[in-house]
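Start from the sequences, fold in the hints, and give me the full structure.
Line by line, the protein sequences are chains L and W. Under this note's numbering, the first residue of the first sequence is numbered 30, with each subsequent residue one higher. Under this note's numbering, the first residue of the second sequence is numbered 313, with each subsequent residue one higher.
Some clues are possibly wrong.
[Unchecked claim] Examples of chain W residues lying across from chain L (beta carbon under 7 Å, computed):
1) S370
2) V374
3) A385
4) D386
5) A390
6) N394
7) H405
8) I407
9) D409
[Stated by the list, open to error] Cross-link-like lysine-lysine pairs, in silico, DSSO-like; alpha carbons within 27 Å at most:
10) L:K428 x W:K387
11) W:K335 x L:K353
12) L:K353 x W:K387
13) W:K434 x L:K40
14) W:K387 x L:K436
15) W:K449 x L:K46
16) L:K260 x L:K301
17) W:K441 x L:K353
18) L:K40 x W:K383
19) L:K32 x W:K396
20) L:K301 x L:K40
21) W:K342 x W:K434
22) L:K436 x W:K335
23) L:K428 x W:K441
24) W:K449 x L:K36
25) W:K424 x L:K425
26) W:K434 x L:K32
27) L:K40 x W:K335
28) W:K383 x L:K353
29) W:K424 x L:K32
30) W:K429 x L:K32
31) L:K428 x W:K315
32) W:K441 x W:K424
33) L:K260 x L:K97
34) W:K449 x L:K32
35) W:K373 x L:K40
These are computed hints drawn from the structure, not numbers from a lab. The structure presented is a predicted model; accordingly, all values stated were derived computationally and were not measured. Backbone N, C-alpha and C define an ideal beta-carbon position, used for all residues, glycine too.
If you want the building blocks of each chain, they are given just below.
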Amino acid sequence: MFKNYLKLTLKVLMRRKMISFINLFGICFTLTILLAATTIYTLMVVSNPIQKNLSNTLILNQVTFRDKEKQSMSSGPAMPYFIEKCVSPLKSEVKYISFCSAHCNAATIYLNNQRIDIDTRETDENYWKISSFTFIEGRPYDLEEIRTNPQTIVLCKSLKDRIFGEISVLGKTLKLNNKNYKIIGVVNDVPAIYKSAYAQVWYPYNYASYVSQVKDKNFNSWMYQVQIETKTRGSFDAVRKHFNQEVAKLTPPERFKQTEAELESSSQFVFKSLNDRNQWQTILIAFILLFSLLPLLNLTNLTVSRIFERSSEIGVRKAFGATKRQMAMQFVYENVLITCLGGIFGFIGAWLLLKGIDASGLIQLGNVNFSFRVFAYGFLVILVFGIISGFYPALKMSKLQIVNSLKGGIQ
Amino acid sequence: MIKLTNLEKVYSTSTIETLALNKVNLHISKGEFVSVMGPSGCGKSTLLNMMGLLDIPSQGKVEIDGSTVEKLADKPMANLRNEKIGFVFQSYHLINDLNVVDNVELPLLYRKGVSGKVRRQKALTALEKVGLNARTKHYPTQLSGGQCQRVAIARAIVGDPEIILADEPTGNLDSEMGSEIMNILLDLHRNGTTIVMVTHDETLAKLTQRTIRLFDGSVVN
Ligand SMILES: Nc1ncnc2c1ncn2[C@@H]1O[C@H](COP(=O)(O)OP(=O)(O)OP(=O)(O)O)[C@@H](O)[C@H]1O
Ligand SMILES: [Mg+2]
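So this is what it looks like as structure tokens:
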């Protein structure tokens, strides 16, 4: 029977070239979009070549102080006081604690009298352990260097090439915001979507300022995003519990009574930051999500109408002895086969798309390059839709009296 | 072989109710060749559809070869259609996506234990009987009305059914081709097939053993 279905499917595909093309294109397009979306999601939330353990990472992005009546509040990224009181006690239970500037700081360089705006980030020494930057030359700064404050920096490759060309730059100095820094390392560029890892120039946080700020309970210019790499994903609860206890113990600044802070998983962090954006960006994101759903709905619609269109065929087959089950199965098989064919094209399409994105440098795909797992999920989703969109109308049609199917079915 | 008792069929739409069959009692014995005649719209096709298990009656009983149809589940019903009945539709109802020989093979596809080779063999034999063995790879849209009708007949006889229900099988054929088809049916009749044929042609009706006349959904004598 299966061989017959296969033969029939190929015949139907060949006979209706236009519909077949649209159908296959739909599957291919859906897969491509799904694959691109899941790949980007994976890169931002689970793991990417630089942030390999994103899924094990907890992020503290915001601390809020409130008064008792919850009328006035003050919030921002964590200040040294908060980090020392609430985050440092977790040290023994986790792999790494790291902090860096919550957002990139803009800095300017003058090159041949031309102004270049660049993104910089202050970090601690563990920042280089939580993320796996690829050093083309040199190395990151360590705690000793941060303490003695030798004005060192790490540079990204494209900026280095632009300023110095294709030469080794270790030990050379770069004038940044009118201060001289010694270059101790060059790393491969980091795409901007890797939120906590991205910058063009990295330099140590100001240790002396940090130490003196520990006593200051108010938000000020020294505020940091904290990343905590836990030992396993399963230890999130325990780490959060301990953290919450420390937060409860904290003495908030005067006029405030309560402290609120949450350790977010990478997905919470990414999606919350999407929510924080202004309205039109939210609309844009919703639109993109909708857009990625459209081909799937379209595909379902196409399959359903393709079956309803063949109502008279269902009538004929039943008149000559096909059971309802056989009819439903015929269309399910047909859809599965078409989906598989579309899947092959989709695989090629998605691969080309991701290669294109990779080549454009917009997103560094690295080892997530082409995930079979992601492809399999996408394929599965389409298969499920294919089965439902074959099964449902076929079942509905096969319940019709044969004469009615012959006359054109459900009107 | 076929027994209809107090058969009634009402088609109801939102505006009107049509009584297509009115208290029809009929008994067609095994091996009988019966013709059905009557003016257009009197219910001939409806009657044949009931016999062919293509629609359910509003009232009354249909028995095929001793088994009461309404009591049957989907699978035995499908088997009954497959093994006992061959239907020739008034408007052919060929599957446009399949070529002639695949269309003819269709009933055998739903029969257990028939290999692809045997299927093809039987289909070609049936096509030869209706004089269409030169057109096996054509698609229905590439055939004339008469040729389509002959494909439909080949499909009805390919599975050697005990009953053939033919709704105007010669309606689109010239008298020469018509009598050829009639000869095929007479041949099948001689071999013991039960045949019910709707026709407008008195001369063809005379060749059958009995003519049932329908008027406004009722059998008249
Ligand atoms: N699906 C339907 N819905 C409503 N009325 C119907 C339906 N099918 C048939 N009828 C009506 O039932 C009556 C009998 O129709 P039927 O097709 O049996 O006629 P017929 O004798 O075969 O006519 P013809 O010789 O033109 O083929 C007609 O009045 C027709 O309008
Ligand atoms: Mg009719």
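How the hints compare with the structure:
no. : hint            : verdict
1   : S370            : violated (12 Å)
2   : V374            : violated (13 Å)
3   : A385            : violated (10 Å)
4   : D386            : holds (5 Å)
5   : A390            : holds (4 Å)
6   : N394            : holds (2 Å)
7   : H405            : holds (5 Å)
8   : I407            : holds (5 Å)
9   : D409            : holds (5 Å)
10  : L:K428 x W:K387 : holds (13 Å)
11  : W:K335 x L:K353 : violated (30 Å)
12  : L:K353 x W:K387 : holds (8 Å)
13  : W:K434 x L:K40  : holds (21 Å)
14  : W:K387 x L:K436 : holds (23 Å)
15  : W:K449 x L:K46  : holds (19 Å)
16  : L:K260 x L:K301 : holds (24 Å)
17  : W:K441 x L:K353 : violated (32 Å)
18  : L:K40 x W:K383  : violated (37 Å)
19  : L:K32 x W:K396  : holds (26 Å)
20  : L:K301 x L:K40  : violated (50 Å)
21  : W:K342 x W:K434 : holds (24 Å)
22  : L:K436 x W:K335 : holds (25 Å)
23  : L:K428 x W:K441 : violated (35 Å)
24  : W:K449 x L:K36  : holds (15 Å)
25  : W:K424 x L:K425 : holds (26 Å)
26  : W:K434 x L:K32  : holds (19 Å)
27  : L:K40 x W:K335  : violated (45 Å)
28  : W:K383 x L:K353 : holds (17 Å)
29  : W:K424 x L:K32  : holds (15 Å)
30  : W:K429 x L:K32  : holds (13 Å)
31  : L:K428 x W:K315 : holds (25 Å)
32  : W:K441 x W:K424 : holds (24 Å)
33  : L:K260 x L:K97  : violated (36 Å)
34  : W:K449 x L:K32  : holds (20 Å)
35  : W:K373 x L:K40  : violated (41 Å)
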